[in-house]
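Participant: Residue numbers (the working numbering), protein chains in the order written: chain F, 1 to 380; chain X, 381 to 522.
Keep in mind that a hint or two might mislead.
Claimed, not checked - Okay, the calculated bits of chain X under chain F, using three or more residues with CB under 8 Å as the criterion:
#1 386 to 400
#2 423 to 430
#3 437 to 443
#4 449 to 456
#5 474 to 486
Keep in mind the hints are simulated off the structure, nothing from the lab.
Computed from a predicted model, the values in this text were never measured in an experiment.
Positions of the beta carbon are idealized from the N, C-alpha and C atoms, including for glycine.
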Amino acid sequence: MDVAIVGVGLHPFGRFGDRTGIDMGAIAIRRALADAGVEWRDIQFAFAGSYEIDNPDAVVALLGLTGIPFTNVYNGCATAASVLALAADTIRLGEHDLGLAVGMDKHLPGAFSSDPRLYACPSWYGELGHFLTPKFFGMKINRYMHDHGISARTLARVAAKNYRNGALNPNAFRRKPLSEEEILGSRMLNHPLTQYMFCSPDEGAAAVVLCRADQAHRYTDKPIYLRASVVRTRRLGAFEVHSPWLPIEETAGPTVDASRAAFEKAGIGPDDVGVIQLQDTDAGAEVIHLAENGFCADGDQEALVAEGALEIGGRLPVNTDGGLIANGEPIGASGLRQVHEVVLQLRGQAGDRQVPGRPKVGYTQLYGAPGVAGVSILSI
Amino acid sequence: MDRVPVAKGVFTWPADPRLIGSRCAACAIVTFPVQDSCPRCAATEMAEHLLPRRGRLWAWTTQEFPPPSPPYAGPTGAAFVPYGVGYVELGEVRVETRLTRTEGLRIGMDMELVLIPFRTDDDGNEVVTFAFRPVDGPGASM
Chain F
1 MDVAIVGVGL
11 HPFGRFGDRT
21 GIDMGAIAIR
31 RALADAGVEW
41 RDIQFAFAGS
51 YEIDNPDAVV
61 ALLGLTGIPF
71 TNVYNGCATA
81 ASVLALAADT
91 IRLGEHDLGL
101 AVGMDKHLPG
111 AFSSDPRLYA
121 CPSWYGELGH
131 FLTPKFFGMK
141 INRYMHDHGI
151 SARTLARVAA
161 KNYRNGALNP
171 NAFRRKPLSE
181 EEILGSRMLN
191 HPLTQYMFCS
201 PDEGAAAVVL
211 CRADQAHRYT
221 DKPIYLRASV
231 VRTRRLGAFE
241 VHSPWLPIEE
251 TAGPTVDASR
261 AAFEKAGIGP
271 DDVGVIQLQD
281 TDAGAEVIHL
291 AENGFCADGD
301 QEALVAEGAL
311 EIGGRLPVNT
321 DGGLIANGEP
331 IGASGLRQVH
341 EVVLQLRGQA
351 GDRQVPGRPK
361 VGYTQLYGAP
371 GVAGVSILSI
Chain X
381 MDRVPVAKGV
391 FTWPADPRLI
401 GSRCAACAIV
411 TFPVQDSCPR
421 CAATEMAEHL
431 LPRRGRLWAW
441 TTQEFPPPSP
451 PYAGPTGAAF
461 VPYGVGYVEL
471 GEVRVETRLT
481 RTEGLRIGMD
491 MELVLIPFRT
501 DDDGNEVVTF
511 AFRPVDGPGA
521 SM
């Protein structure tokens, strides 16, 4: 059973005062339902993702208590990809015909924190200050730059591109373009990554209505097909966040594993993809993920970025809505924001951000703690 | 004022400091710190294994803002001093560690284990942690 996306909805990402995460989730759901032309009572099942909200399914209090199976999911930074994969699998298995995937979150400012013991790390690891994601990203890109000849200028160009794209996106958190010099000159947080090279935790929600592909034309004349949705976790030897030690033998990370599996399932190759959403927790992550997802060889990013290949009009448009750098990261919603953007791009509805030449295939990737990745491939 | 280690069982103390890892009796992988089961072959016989004092810097960055407390227990606010963080390759394992410097760090440079003051606890004890410093240069020491 193939799966189609027939509706998408977004609550803008940013800071919204007293508005609760559940309220934002309800707004995103109503927009997705309206986009699909269906009512809440038509929805047969749902999955919801959140980090901060214990029971995001409580959103039914705002939409209608219809008794549907509604399952809450938290899976690190790949939460929203997991929500989408589970919702799609429910349809693929023939369990239901029409369902919903939603993500919502409302984080406090500042780096994410937790009790290291909950991650199978010792207490002293946190006491010493090691239980922190930004410095992992600093080490990973610093090592990558050493191995593959990537410059700090390239990191600044990637961040500047994402702020520029965010300025074109009315739903983005950061809508002010920043120059490469401002980015390079902002406060150093974790060498070589400066403040403006990082995304921030924030607030927002996104929702997607999915159905059996053979029923999609009941709802839309522009169905977008979900060709693959894959989640993978780290194998021993991958260089991962929250690792007090690593073995000498090195292994590809979960992004590489998820990407290869997704391309194989979809029967599509990287050359066919016309619009790309990558996890840009920081500018370095976007650079690394371009290669980890098979869009270039390690080291090619230096020339690709300089020639503008990652721009909306380039041959590998990446993070056309500004990515995490311009939208921030409400963990539960982030991956569905990526899907929202790809769906608009494939429908030709992305306005000022529209990739020229009408892309036919789109790609999304999430990655984060504690070493989990999610990849989705979509096509017209 | 007494000196106490940040946790028991992380490094030998006080004389001849070495990091305490473990080795799997079945597949011989080395972990740090000690763990009860093997992350490679899932065997449950792990023996204590002391790591070499010297190694090479494999990856590094700087920590230029205070990590969120908790879990971070070190100095914050005006008392916070930026520090280096990295992985040092110690024979059969790469260990994540504080570095005594934020400047002059190079991948591949020779590093050695030192114990450095980390914070003062509620009882007035000086809490000591492990760190690595470049072999050829000045760094913090006890």
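Participant: Give a verdict on every hint.
Facilitator: Hints versus structure:
Evaluation of the coverage hint for the stretch 386 to 400 of chain X: fulfilled, as 3 residues show C-beta separations to chain F shorter than 8 Å, against a requirement of three. Under a criterion of three residues with beta carbons nearer than 8 Å to beta carbons of chain F, the stated coverage of the stretch 423 to 430 of chain X fails, only 0 such residues being counted. Here's how the stretch 437 to 443 of chain X fares: 6 of its residues keep a CB closer than 8 Å to some CB of chain F, so the rule of at least three is met and the hint holds. Here the stretch 449 to 456 of chain X counts 5 residues with a CB under 8 Å from a CB of chain F, which clears the bar of 3, and the coverage holds.
Here's how the stretch 474 to 486 of chain X fares: 5 of its residues keep a CB closer than 8 Å to some CB of chain F, so the rule of at least three is met and the hint holds.
Figure legend: structure checked against the earlier numbered hints; the only hint not met is number 2.
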